[in-house]
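2 protein chains.
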Amino acid sequence: MKCGIAIFPSKKIQDFANSYRKRYDTHYSLIPPHLTLKNTFEVEEDQIESVVKELHKIAAEIEPFPLRITKFSSFYPASNIIYLKVEPNESLTTLYNKLHSGPFQEQTEDAFVPHITIGRDLSNDEFSDVYGQLKMQKVHFEETVDRFHLLYQLENGSWTAYETFHLGKEQG
Amino acid sequence: MKCGIAIFPSKKIQDFANSYRKRYDTHYSLIPPHLTLKNTFEVEEDQIESVVKELHKIAAEIEPFPLRITKFSSFYPASNIIYLKVEPNESLTTLYNKLHSGPFQEQTEDAFVPHITIGRDLSNDEFSDVYGQLKMQKVHFEETVDRFHLLYQLENGSWTAYETFHLGKEQG
Numbered sequence: 002m003k004c005g006i007a008i009f010p011s012k013k014i015q016d017f018a019n020s021y022r023k024r025y026d027t028h029y030s031l032i033p034p035h036l037t038l039k040n041t042f043e044v045e046e047d048q049i050e051s052v053v054k055e056l057h058k059i060a061a062e063i064e065p066f067p068l069r070i071t072k073f074s075s076f077y078p079a080s081n082i083i084y085l086k087v088e089p090n091e092s093l094t095t096l097y098n099k100l101h102s103g104p105f106q107e108q109t110e111d112a113f114v115p116h117i118t119i120g121r122d123l124s125n126d127e128f129s130d131v132y133g134q135l136k137m138q139k140v141h142f143e144e145t146v147d148r149f150h151l152l153y154q155l156e157n158g159s160w161t162a163y164e165t166f167h168l169g170k171e172q173g
Numbered sequence: 002m003k004c005g006i007a008i009f010p011s012k013k014i015q016d017f018a019n020s021y022r023k024r025y026d027t028h029y030s031l032i033p034p035h036l037t038l039k040n041t042f043e044v045e046e047d048q049i050e051s052v053v054k055e056l057h058k059i060a061a062e063i064e065p066f067p068l069r070i071t072k073f074s075s076f077y078p079a080s081n082i083i084y085l086k087v088e089p090n091e092s093l094t095t096l097y098n099k100l101h102s103g104p105f106q107e108q109t110e111d112a113f114v115p116h117i118t119i120g121r122d123l124s125n126d127e128f129s130d131v132y133g134q135l136k137m138q139k140v141h142f143e144e145t146v147d148r149f150h151l152l153y154q155l156e157n158g159s160w161t162a163y164e165t166f167h168l169g170k171e172q173g
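Protein sequence lines, in the order shown, are assigned to chains A and B.
Using our numbering, the first residue of the first sequence is number 2, and each one after it goes up by one.
Using our numbering, the first residue of the second sequence is number 2, and each one after it goes up by one.
Don't read these hints as lab results, they were simulated from the structure.
Please note that a few of the clues may not be correct.
Pairs count within a copy or across copies, as identical chains cannot be separated in the list.
With a Cα cut of at most 16 Å, we get these calculated EDC-like pairs of lysine to aspartate or glutamate [unchecked claim]:
1. Lys12 / Glu45
2. Lys170 / Glu50
3. Lys3 / Glu156
The task is simple: from the sequences and hints, build the whole structure.
Structural data, given as structure tokens:
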């Protein structure tokens, strides 16, 4: 089963992100606005409960932390993705690292750049237009992250939530 | 916040349902295939944690139970909805009743007909064609339900998972 791990920000942020995603993000209908903590990884169906157990342990080790969004940014020229930039903080980075080490080790050369995608697969011209406007805009959201979700992907590319993990107050 | 409560069946059933929903269900991109336990209800944002607490209590009172799908069916003539019929059983009915009494009391005159919608908003002709074919087909799925989810609705009509509730093994 293809799994992924993500934070869903508050409805307010999701509605804000969707106002852009509707026009600019080809994944708009596949998953709600999210911050990816771990990209697609394969889990055998009979291994899912042991993955869940490990994730509960990890969640218990990290207290709820702030999520701050400060501006629009982009991965250009590496890719044409436009996103809401999430300010890195120690808890978020620690959580990411735990989800990429031990039983969750994987080969990745990407640095962690926490973000909520709002545009992708745009033509170069469209990218320049849209990003040119967005990067001048002020954005400010601040809230507390107290949970993350394990999701699995259906054959049509969409994602279904499997389990919720609460930061700090887990029983392991 | 508009909330709802649903069971997501296994990936296998969801993929099967989506093969029809893609063509016949206008809600295809708003939510993965699901069995609705409680239709949209309003929860104030500062009340959500007390709702969550109540739902954990209810989940703890019901053991995991079988989900059996036996055929396609329809609400015609009340509506043109086509669905995968889920065999009622005592646990499922008890769960439904608990989600519609006490703090979750609501005015409803509908009997509980457990189902997974695969078609809606079809014209009369299309409905007759599609349902005429589907109702002759054999379907058989059987699995165990061990959880349900509280979801909330975004402004675009799509649903985001908020929390998972495990049947039986909850700590309340």
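Next item on the list: Quick one: which hint numbers does this structure break? Sort them smallest to largest.
Entry: Hint check: nothing fails, all pass.
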